[in-house]
Each structure stands twice: as C-alpha cells, then as structure tokens.
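A.B. asks: Sequential numbering from 1 applies to the sequence shown in full-length UniProt numbering.
Simulated from the structure, these hints should not be mistaken for laboratory data. Take these hints with a grain of salt, some might be off.
With a cut-off of at most 27 angstroms between alpha-carbon atoms, the simulated DSS-like pairs for lysine-lysine come out as follows [as the list claims (entries may be wrong)]:
#1 K12 with K48
#2 K96 with K143
#3 K108 with K96
#4 K106 with K81
#5 K61 with K12
#6 K5 with K48
#7 K106 with K61
#8 K48 with K81
#9 K111 with K148
#10 K138 with K111
#11 K61 with K96
#12 K138 with K96
#13 K81 with K111
#14 K138 with K108
#15 K149 with K111
Estimated spans, in silico, between C-beta atoms of each pair [what the hints assert, rightly or not]:
#16 G67 with S20: 21 to 29 angstroms
#17 K148 with K111: 12 to 20 angstroms
#18 T18 with R95: 39 to 47 angstroms
#19 I64 with N110: 35 to 43 angstroms
All C-beta atoms in this analysis are idealised placements derived from N, C-alpha and C, irrespective of residue type, glycine included.
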Amino acid sequence: MNRKKILNGGKKFYIHPTFSNYSASKDGEILNGYYQFKISDKELIKPKNYYIHRFEWECVKGDIPEGFVIDHIDSVKTNNKIENLQLLTDSENIRKGNSKPIVSFKIKNNKQKNYESITSASLELDISFSIISNICRKVNYYKTVISKKDGDRYTFEFLEKNA
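Work out the full structure: start from the sequences and follow the hints.
C.D. replies: Set out below in structure tokens:
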C-alpha cells in the first residue's frame, strides 16, 4: 500500500490514513503527538485518545484489522520504531506476555527468585498479574508491589534470554 508522505527536517513522515493533520516516522517519532495523545480533527465530533504505537502502525502500515493488536516485539513500550511493532491477535499477544520467564527481587534483602512466567509469580506471591506485568514492562507508575502472601515488597524484571 502506498502511504502519503511528508518531509520534516529532512526526515520522512507518513500521514495517518484518517487524521491528515498527524503523521509518524519509521523511527517512532510523531508529529503533533506524545506516547498517548488526543486527536482533534474535522472528521471527529470530539477528540479521540490515541496510543503512539497504534498511531505509528496506522501511519506506516495502514488500518489495524478487527481483533488484532499492535505488539512491541521487545516489550519496551517506549520503543515505537516500526521495526519493533508487529500485528498479533489478542490471544497471541496474551500468550506472548504470559510465557516469558521473570525474576523477582525481594526489596528488604534483594533475594532473587526466577519464575517461568508472570502467572506463576502471581499465583505464588498472591500479587495481581497486571501489576507484575506493568512492573516488568516498565509502564505506568508501578515500580514495586507488596505481596499479600508474605507482606514483603517486590519488584520484577523479565529474564534475559541468555541469562
């Protein structure tokens, strides 16, 4: 599909198919936007919230089909370069996030424990799956969480593939 392009500062930006006042480069830069931003355009009655990675995909690759999501391949939500984005079904995306090994760090003594997945850590420590997931992905404001099982504070990271 041939996308409309503009040059800004010598860099190529792709115009969004619906919101022509907005565009994105293949490097994840957005003109008129941030990680999440509101779009106001003549076509809209009221502004619409947009996530950068979805906007980036739509500018460069086109519309996102129903039932699909845009996934960050490296799980770094701030890396919105087009080569780091992929189209997945909802179930593929859940499986991907659920199958990565993680490590927990107990804050009071820095004791580490490896888990085969976010789900296994969540069940063992009685901590919300979504909070552990957000800590691992370094999104939102979560950095640590208290376990309902032992009352200790933990942080989490994805295990590196070669670790």
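A.B. asks: Could you work out which earlier hints the structure fails to respect and list their numbers in ascending sequence?
C.D. replies: 3, 4, 7, 13, 18
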